[in-house]
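Given the structure of chain A, go ahead and fit chain B onto it with the hints provided.
2 protein chains.
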Amino acid sequence: MNIEEFRRFGHELIDWIADYREKAQAGELPVMARVAPGALKAQLPAAAPQAPEPFEAVMRDLTSVILPACSHFQAPQFFGYFPSNSSLSAVLGDYVSTGLAQLGLNWQASPALTELEEVTTEWLRQMLDLSPAWSGVIQDTASTTTLVALLCARERATHHGAARGGLQESERPLVVYASSQSHSSVDKAALLAGFGRNNIHVIPVDDSYAMRPEALHETVEADRARGLLPCAVVATTGSTATTSLDPLAGIAKVARAQGLWMHVDAAMAGSAMILPECRPLWQGVEQADSLVINPHKWLGASFDCSVYFVRDPEHLVRVMSTNPSYLRTAADAQVKNFRDWGIPLGRRFRALKLWFLIREQGVSGLQARIRRDIGNARWLASRVDATPNWKRVAPSPLQTVCVRHEPPGLSSDALDTHTLAWVRRINESGKAYLTPAMLDGRWMVRVSIGAETTERRHVEELWALMQEQAARGS
Amino acid sequence: MNIEEFRRFGHELIDWIADYREKAQAGELPVMARVAPGALKAQLPAAAPQAPEPFEAVMRDLTSVILPACSHFQAPQFFGYFPSNSSLSAVLGDYVSTGLAQLGLNWQASPALTELEEVTTEWLRQMLDLSPAWSGVIQDTASTTTLVALLCARERATHHGAARGGLQESERPLVVYASSQSHSSVDKAALLAGFGRNNIHVIPVDDSYAMRPEALHETVEADRARGLLPCAVVATTGSTATTSLDPLAGIAKVARAQGLWMHVDAAMAGSAMILPECRPLWQGVEQADSLVINPHKWLGASFDCSVYFVRDPEHLVRVMSTNPSYLRTAADAQVKNFRDWGIPLGRRFRALKLWFLIREQGVSGLQARIRRDIGNARWLASRVDATPNWKRVAPSPLQTVCVRHEPPGLSSDALDTHTLAWVRRINESGKAYLTPAMLDGRWMVRVSIGAETTERRHVEELWALMQEQAARGS
Chain A
297 MNIEEFRRFG HELIDWIADY REKAQAGELP VMARVAPGAL KAQLPAAAPQ APEPFEAVMR
357 DLTSVILPAC SHFQAPQFFG YFPSNSSLSA VLGDYVSTGL AQLGLNWQAS PALTELEEVT
417 TEWLRQMLDL SPAWSGVIQD TASTTTLVAL LCARERATHH GAARGGLQES ERPLVVYASS
477 QSHSSVDKAA LLAGFGRNNI HVIPVDDSYA MRPEALHETV EADRARGLLP CAVVATTGST
537 ATTSLDPLAG IAKVARAQGL WMHVDAAMAG SAMILPECRP LWQGVEQADS LVINPHKWLG
597 ASFDCSVYFV RDPEHLVRVM STNPSYLRTA ADAQVKNFRD WGIPLGRRFR ALKLWFLIRE
657 QGVSGLQARI RRDIGNARWL ASRVDATPNW KRVAPSPLQT VCVRHEPPGL SSDALDTHTL
717 AWVRRINESG KAYLTPAMLD GRWMVRVSIG AETTERRHVE ELWALMQEQA ARGS
Chain B
297 MNIEEFRRFG HELIDWIADY REKAQAGELP VMARVAPGAL KAQLPAAAPQ APEPFEAVMR
357 DLTSVILPAC SHFQAPQFFG YFPSNSSLSA VLGDYVSTGL AQLGLNWQAS PALTELEEVT
417 TEWLRQMLDL SPAWSGVIQD TASTTTLVAL LCARERATHH GAARGGLQES ERPLVVYASS
477 QSHSSVDKAA LLAGFGRNNI HVIPVDDSYA MRPEALHETV EADRARGLLP CAVVATTGST
537 ATTSLDPLAG IAKVARAQGL WMHVDAAMAG SAMILPECRP LWQGVEQADS LVINPHKWLG
597 ASFDCSVYFV RDPEHLVRVM STNPSYLRTA ADAQVKNFRD WGIPLGRRFR ALKLWFLIRE
657 QGVSGLQARI RRDIGNARWL ASRVDATPNW KRVAPSPLQT VCVRHEPPGL SSDALDTHTL
717 AWVRRINESG KAYLTPAMLD GRWMVRVSIG AETTERRHVE ELWALMQEQA ARGS
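Sequences listed follow chains A and B, in order. Going by this note's numbering, the first sequence opens with residue 297, and the numbers climb by one from there. Going by this note's numbering, the second sequence opens with residue 297, and the numbers climb by one from there.
Bound-form chain A, shown alone (with noise of 0.2 Å):
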């Protein structure tokens, strides 16, 4: 494709996404993808093109064959998993960063890359009031970042037992903490960095579904009585069933009397610190060794945009630097080079959408849209709780709530059939898109608000659907 070809085709595929985010935003498209599994793979070719297709071919493709099979996170009726919101200035950052190409092997290689980073991680720390104690880089996903957090706490507990024998000549097993509602990325990135999940203790939650500090205490003392070696605690700032809220400040106390490595998710929840009346919710965080926060959701940056902080960037770096002689500048020694951060060596322009969507919005213009979605949260919060035979199952701190529709006299069993038969028909019905998920070992459906689109009426349009549909039975 020449450079005229791409001016043609480029603006057709501007035109081709605003029409989609227009009909995304009209409610035109079914929330849920309709398409069988192997649909789409039906209608592809088994092989590649031997010769060059015309480009208009491609395009057609994608909204006959593409479009049909995408599920729609911008859609003001997505109230799924947790928003994956994807601002249009932060989409037009992201088009300048896939365009200019660049590639972030160190600081020579791209030095607008790392400085710009280094600059909107900084303006992050502030918008979230974070002490300048912490330093940030942008990572893909809290999955990795988690990962990231448990290697550095592991090379920390072994003093860097790395660059010895490795985890493999660790004397005590090394135990890592986390609750009973720590995301999935949590155990992932335990069993990964090879602590093995017998050494992985869950710690129980009080009724608010947040970790018990003093349950972390009496297991650690435990632990350590046995012989074990309490490596590193992982506290929730926004638990992905139910967003709770972990006591940071009590789970501090125990990590720093214990010697723990405390790493916070806050991947969710993060955004929402932004707003200093959400503070408190974080209390403690100053403690914290790690700190993950993802504005790739609630924010709206763009996925993938995970930001890490640290307190101690040098421990980080010695963790995981490598420096080949290929890679080496003159350069190195007055600058940061952010391969030594995380895992992958090449890296991409991330911070570019993060800087176009913070500048085009305007911290106030995001936080009055995180005050909006907390709103229309405690509005159906509000509706929940006055409704007879509805059950709000959790508190609602910040945006997602979380229900059952309790009809009386279903046996257990009877009601997580109710319960995944009505979401079940939203979800087919493609006026809105629910996620349930388990709680207390029986279904409930989280309500998640905060698609940049979602205004009040659409929280009404899905309270009504979700009564309509519930009324409806098994």
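Quick caveat, the hints were computed from the structure, so don't treat them as lab data. There may be inaccurate statements among the hints.
[What the hints assert, rightly or not] Residues from chain B that face chain A, not an exhaustive set, calculated with beta carbons under 7 Å:
no.	residue
1	Ser385
2	Ser480
3	Ile639
4	Lys687
C-beta atoms are modelled at their ideal positions from N, C-alpha and C, and glycine is treated no differently.
Chain B only, in chain A's frame:
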């Protein structure tokens, strides 16, 4: 930003990118950024704006602040590192990805994302003439992919020790083997996976910088006699310093006999395997357990797009899977959930850029370009060989030519100074970009030919520039 503004600024941005590519292609920009460390940071506000800024201001800064701090990987005079091509059709594919903003948490969250990834990696498999025994998945970079491979190796050797006490309970230390020419990411992956530096055993290379299989055999035998547990070998197809090619068939023979997991790092040279005439270079690849190829390098699929091929996807899934309730869907039994094929849970719609590229170029178009680059490298190699005081310091099997200018009478140290001096002068001239690297303890210069825009005349101009700058002494 509303949709109408997105249309307007999106069109502007397409033209901005097209103008940029024109300037880069015409050689109007210094290939290596000419900015001092910290210069960009100093031009930007220390804090985020409270109020929204006009988008015009962002676009202005893009031109005046960001662009001068970029190095230009897409320029025809880019001969540094390895190619990081971002073909314009792939760019548009990525634009669709960001605009649609799909999030691949599981199949249902975006059937298109999952199934197009199956289709395009299957196309690529056929293009590489790999047998149908391989299954592919897109990861971000080879660093991550090699980490995944070593984690799979670790879990096979320990019979899924992660499900018990992890690497902490290993009785015999597991050992990883790689050559002295393997990429720094192999060391990094082994350290992160917990093996420990002492358990990375370096196998010597022959005169062509290829791993010696008989040395591998001897080292493994000796390790076994010492009570160690040989676990994995990483072979390289196209090393970073010299694009040397490890003899895969010979290594595979040892790996099979000794029960080693064999991972092939073909991140760079894998793209050449779309040419039938290159395939003898990786003869034996079918005996490997895993393989990484980066279409975001030579092939042009826009960073990041690293394809991991495995022969036992069930093993991979067993190592990587987690299955929390909030990610379960009714379709799970019938579909692939790629979250269980790698580290991150959330996934971008990366297949689009590969799909756009392959269709727009056709296999024949991609083959022609790779052949062009290999021909250009042969031309330069022949010039170097025919010119007094110039020396090729390694074989040039593909598109990288490793050279030194060796004026008579220089000591080894003086030669290093001379080498670094002339390459620095070229890079600082802005007329071309080359990366020096160490080989056998001495600096040499890698001429990596393969930017999409690089034609024969650019290589001719580079060769003239090299001779001119080298003639100026140290």
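These are the hints, each one checked on the structure:
The closest approach between the C-beta of B/Ser385 and any C-beta of chain A is roughly 5 Å, which is under the 7 Å cut-off, so the hint is satisfied. Hint status for B/Ser480: holds, given a least beta-carbon distance of 4 Å to chain A, under 7 Å. Hint on B/Ile639 holds. Least Cβ distance to chain A is approximately 5 Å, under the 7 Å limit. Here the hint on B/Lys687 is broken, as its CB sits about 18 Å from the closest CB of chain A, past 7 Å.
Comparing the model with each numbered hint stated earlier shows that hint 4 is the single one that does not hold.
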